[in-house]
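If you're matching them up, the sequences are chains A and B in order.
7 is the number that the numbering used here gives to position 7 of the first sequence; each next residue is one higher, with no gaps.
208 is the number that the numbering used here gives to position 208 of the second sequence; each next residue is one higher, with no gaps.
Hints were generated in silico from the structure; no laboratory data involved.
Just so you know, not all the hints are guaranteed correct.
[Stated by the list, open to error] No more than 30 Å apart at the CA atoms, straight line, and that leaves these computed lysine-lysine pairs for DSS-like:
id	chain 1	residue 1	chain 2	residue 2
1	B	Lys-257	A	Lys-88
2	B	Lys-397	A	Lys-376
3	A	Lys-376	B	Lys-470
4	A	Lys-363	B	Lys-257
5	A	Lys-94	A	Lys-357
6	A	Lys-88	B	Lys-245
7	A	Lys-94	A	Lys-166
8	A	Lys-53	A	Lys-116
9	A	Lys-116	A	Lys-94
10	B	Lys-304	A	Lys-296
11	B	Lys-480	A	Lys-296
12	B	Lys-470	A	Lys-296
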Amino acid sequence: MDHLHQAPKHRPDRRGVIVGGATIFGGMWLLGRSALARSTRAAVEQAKDAPPKALLLLELSGGNDGLSCIVPWADDLYHGARGRVGHKAETVKKIDDYRGFHFALANMQSQWNEGKLAIVEGCGYDNPNHSHFTSQDIWHTARHTGRASGDGWIGRLMAEMHPQDKEVPHMVHVGQSLPYSLKSGSHAVVCLDQPPPYRWAAGGEDIAREGGMRRPEPGHPLEQIRSVVRNAQASSSAIRRAAAEYKPRVEYPKHDLGQDMQTAAALLQSRLGVTVMSVTHNGYDTHANQVYRHDKLMQELDGALGAFLADVRGTPSGDNIAILVFSEFGRRVPDNASMGTDHGTAGPMFLLGSPVKGGLHGKHPSLADLVDGDLKHTTDFRRVYASVLDGWLGVPNERVLGARHEPIAGVWA
Amino acid sequence: MSIRSLSLSWRASACLAFASVPVLASSACEVGAVAASTTTSAQAPLVEWNRRNAEHLLNRAAFGATDAEVDAAVARGMAASIEALFPADAKVPQPEILGLRDLPLDLERPETRLRNVEGRREGLSRLQPDLISPLNMWGDWWIERMRQSEDPLRERMTIFWHGHFVSSVKEVGNAHEMIEQLAFLRDNALGDFETLLRGVGRTPAMLAYLNNDENVKEHPNENWARELFELFSLGDGNYTEDDIKQAARAFTGWTDKEGRFLFDRIVHDFGAKQVLGRAGALDGDMVVDLALEQEACARFMAAKLLHHFEGAPASIERVEEYAAFLRANDLHIGAFLRRLFADPAFYRDEVVGRRVAPPIEWLVGNARRLDLSAPGQMVLNMGDVLGQRLFWPPSVKGWEPDMAWITTATMMYRSNMAGIMLGLVSVQGLIRDAEFDERSMGDEPMMAAAKKSRSNGLNQLAYIQDTGWKPELSLASRAKAALAVGDARLAAWLCGELLAIEVPLDSGVRGSVAAFLARERREAGIEMETQLLAHPEGEAIVRRAAHFVLSLPESQLN
Numbered sequence: 001m002d003h004l005h006q007a008p009k010h011r012p013d014r015r016g017v018i019v020g021g022a023t024i025f026g027g028m029w030l031l032g033r034s035a036l037a038r039s040t041r042a043a044v045e046q047a048k049d050a051p052p053k054a055l056l057l058l059e060l061s062g063g064n065d066g067l068s069c070i071v072p073w074a075d076d077l078y079h080g081a082r083g084r085v086g087h088k089a090e091t092v093k094k095i096d097d098y099r100g101f102h103f104a105l106a107n108m109q110s111q112w113n114e115g116k117l118a119i120v121e122g123c124g125y126d127n128p129n130h131s132h133f134t135s136q137d138i139w140h141t142a143r144h145t146g147r148a149s150g151d152g153w154i155g156r157l158m159a160e161m162h163p164q165d166k167e168v169p170h171m172v173h174v175g176q177s178l179p180y181s182l183k184s185g186s187h188a189v190v191c192l193d194q195p196p197p198y199r200w201a202a203g204g205e206d207i208a209r210e211g212g213m214r215r216p217e218p219g220h221p222l223e224q225i226r227s228v229v230r231n232a233q234a235s236s237s238a239i240r241r242a243a244a245e246y247k248p249r250v251e252y253p254k255h256d257l258g259q260d261m262q263t264a265a266a267l268l269q270s271r272l273g274v275t276v277m278s279v280t281h282n283g284y285d286t287h288a289n290q291v292y293r294h295d296k297l298m299q300e301l302d303g304a305l306g307a308f309l310a311d312v313r314g315t316p317s318g319d320n321i322a323i324l325v326f327s328e329f330g331r332r333v334p335d336n337a338s339m340g341t342d343h344g345t346a347g348p349m350f351l352l353g354s355p356v357k358g359g360l361h362g363k364h365p366s367l368a369d370l371v372d373g374d375l376k377h378t379t380d381f382r383r384v385y386a387s388v389l390d391g392w393l394g395v396p397n398e399r400v401l402g403a404r405h406e407p408i409a410g411v412w413a
Numbered sequence: 001m002s003i004r005s006l007s008l009s010w011r012a013s014a015c016l017a018f019a020s021v022p023v024l025a026s027s028a029c030e031v032g033a034v035a036a037s038t039t040t041s042a043q044a045p046l047v048e049w050n051r052r053n054a055e056h057l058l059n060r061a062a063f064g065a066t067d068a069e070v071d072a073a074v075a076r077g078m079a080a081s082i083e084a085l086f087p088a089d090a091k092v093p094q095p096e097i098l099g100l101r102d103l104p105l106d107l108e109r110p111e112t113r114l115r116n117v118e119g120r121r122e123g124l125s126r127l128q129p130d131l132i133s134p135l136n137m138w139g140d141w142w143i144e145r146m147r148q149s150e151d152p153l154r155e156r157m158t159i160f161w162h163g164h165f166v167s168s169v170k171e172v173g174n175a176h177e178m179i180e181q182l183a184f185l186r187d188n189a190l191g192d193f194e195t196l197l198r199g200v201g202r203t204p205a206m207l208a209y210l211n212n213d214e215n216v217k218e219h220p221n222e223n224w225a226r227e228l229f230e231l232f233s234l235g236d237g238n239y240t241e242d243d244i245k246q247a248a249r250a251f252t253g254w255t256d257k258e259g260r261f262l263f264d265r266i267v268h269d270f271g272a273k274q275v276l277g278r279a280g281a282l283d284g285d286m287v288v289d290l291a292l293e294q295e296a297c298a299r300f301m302a303a304k305l306l307h308h309f310e311g312a313p314a315s316i317e318r319v320e321e322y323a324a325f326l327r328a329n330d331l332h333i334g335a336f337l338r339r340l341f342a343d344p345a346f347y348r349d350e351v352v353g354r355r356v357a358p359p360i361e362w363l364v365g366n367a368r369r370l371d372l373s374a375p376g377q378m379v380l381n382m383g384d385v386l387g388q389r390l391f392w393p394p395s396v397k398g399w400e401p402d403m404a405w406i407t408t409a410t411m412m413y414r415s416n417m418a419g420i421m422l423g424l425v426s427v428q429g430l431i432r433d434a435e436f437d438e439r440s441m442g443d444e445p446m447m448a449a450a451k452k453s454r455s456n457g458l459n460q461l462a463y464i465q466d467t468g469w470k471p472e473l474s475l476a477s478r479a480k481a482a483l484a485v486g487d488a489r490l491a492a493w494l495c496g497e498l499l500a501i502e503v504p505l506d507s508g509v510r511g512s513v514a515a516f517l518a519r520e521r522r523e524a525g526i527e528m529e530t531q532l533l534a535h536p537e538g539e540a541i542v543r544r545a546a547h548f549v550l551s552l553p554e555s556q557l558n
């Protein structure tokens, strides 16, 4: 438990946030809205000096083709295997004499040039599973046993970081359905697709107060639903206010990911108490028509990331956001005849944001040494999680990951 | 031998049940019931057929029931209530929309099913009205069937199969093909699994959704082969990566032409393959046979069906018991369900009233219990808001069940959707968020524009409301007819009528509804409890109380 006692030393103003937050979210449904406003102001006052460290988790869902994202443009084996969906060397934005960015990743490239993008190549795990859902479970729990191992890794992280204030929405997902990484048996999770309709109409909030307050019935699903209702009620007004009052400094792209990233920026900088924000970019399962589809995804990803970073950089809380980008697997090295690629294995992970020190980490998997057409991973993805846990959030990674993983060194500024 | 003859008797009873002579039909039903019960009777104490159990059956096998319908099911008896879920129509009623089947297919094809890369996606938005309108017609018809047909189990199972054998119009890009696939699933919803598994891979929607229409001998596409094993028949862990690669070869050449399945010999790989331990020049149908023969297949489907109908993963023993039954009955889904509905374990406390109602079930159930004729488009768009957009499953795995339906946002939205159904909530107001909008829209138009960009069911619902739709409800007169007079009795009536589960008297739920009624009544200046229902404000107050009930956590379970 040492790190818990040390935590206030590392983050001297964190305690104020926790106390304020606990008052808000534990007590609002008892105290009423005006009390909430007072508590919020109090929390904001107390936390003004040192915003807490935060993580934005961006999942590329469906299996991002790492080879089309960070392209090994100088590798003949790449061009040989990707006759249909490969990128010609001249279109790639060169990183060095082997690899380069997909041509749509202009913002990623400028982050790289500024030393603010860490690329970890060849990320995966032993005995790779080619099922989207099994592999996502492995990434979401950081365990090979997936959901059978219990909460998601972020859920477990919250139990370590915030053992007391379980009602504060430390975890927020922007999107319609909650990824399993945020699954927690003990801590509040907020999930919303867009802020304005995130409320009860026609007196529903009073009803919710009734519905959330009944006597406990351990093990009954009603108990879980009531807890969700309480979290909903405690977060509704604060989240809409934070989004409505937010003044983005740049225009975000109009597509879903762009809008979700704007919401994420608003909430992360709002002092709601968010430690981990989660956003999903869907559509990466490019079995067919990959060129068009993946190009569009890269363009969306780059636009949304670029807007977010330009928006938050330089604000006290914005400079305390690290972004982690991941996908459940990469894709098969040889393309298929329908201009696509099938499920594969290893792929790159990305860390971005002010706290990040740019650089190339891990090791690019060899295209000459494939297993049944798949890349061999060079870096266990949990080492990147470990870097985030140890190096950024200050939680010894074994407490969350179950076993000690060697963090990737040199990714923090 | 015995397996074969049992399945034959099933087939025979099904055929007889389709005969138009009533005597024959009823005796055939008895045969079916006996055949089912002989396999369970060893460990089966009888199910006490009361209101609790009758409502449970109608919650899980149909779309919920009003008090009167529960009473009728109790009076009818258990065997007859189960039998009524398998109406003996020789022909599954077909929607008028399927008249479209007779239209020349080319009408839709050149625009919406462009072969080039952009066409799939761009064509979708460019031609949205053309694409969506047949699906809207089908959706209207389908929701109405859910709300008031005599064959609700079939409609439920069609939703189940839609979430199992997933295709999404987003990728398929063709309403006609989606409707054909749904009609196929519906025709066979209660039949044998083999027909479903073999047939769905031939539907043009599936061929497009999992790209098998582009699976050719040189560089096969594995998408269909993988999901066939992983999600449609066996489950992860019951095949190898090599099985998938080889199976993908076996399905090369399965494609479609002008809306019909076509086996294209030119691109088929006739070479030797090895799949699931069998070697030879296997083709797609042989691979389907091999999947069906696996022990894992019956286990996988038994687990999924039990989970769906019982609302939680079943024990290993229970899965094995039902898997053995499936194997012994040629993987017949109707037989499986008859057995399940007659199984005392289906009525145990851990199962009854503890399942999170998926959005479409919840919405249709509310419409039924309120006796509300909600337009199909309204229910479909509400389903979208709540996370279950029919025709657009979120992934090839379909919809996540149970608590995945319940998030902080969907708990608010469920309450708001109930409010719309009751005529109490304005969708425009929801989208605008009057409380905070003024501030942000005044000096920051960028944010206001941003809010509108995400397409969603709310905008569609606002449109439906803008056309002047209002619920036609008379809750007050229904309450009066049920003699639900006085705050406490009215509260009890609302809970009984509108909740799918029984709330214990001591839970405080009815008390809080009664207190709500009393408060509303006094605010309206109605002093006497007995005057509420006849008062001009009575209907509005009862509706607000109904909104209260439908917003409760208890309302989300069935």
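Each hint, compared with the structure:
no.: 1; hint: Lys-257(B) x Lys-88(A); verdict: violated, 34 Å
no.: 2; hint: Lys-397(B) x Lys-376(A); verdict: holds, 27 Å
no.: 3; hint: Lys-376(A) x Lys-470(B); verdict: violated, 60 Å
no.: 4; hint: Lys-363(A) x Lys-257(B); verdict: violated, 46 Å
no.: 5; hint: Lys-94(A) x Lys-357(A); verdict: holds, 19 Å
no.: 6; hint: Lys-88(A) x Lys-245(B); verdict: holds, 28 Å
no.: 7; hint: Lys-94(A) x Lys-166(A); verdict: violated, 46 Å
no.: 8; hint: Lys-53(A) x Lys-116(A); verdict: holds, 17 Å
no.: 9; hint: Lys-116(A) x Lys-94(A); verdict: holds, 16 Å
no.: 10; hint: Lys-304(B) x Lys-296(A); verdict: violated, 36 Å
no.: 11; hint: Lys-480(B) x Lys-296(A); verdict: violated, 60 Å
no.: 12; hint: Lys-470(B) x Lys-296(A); verdict: violated, 42 Å
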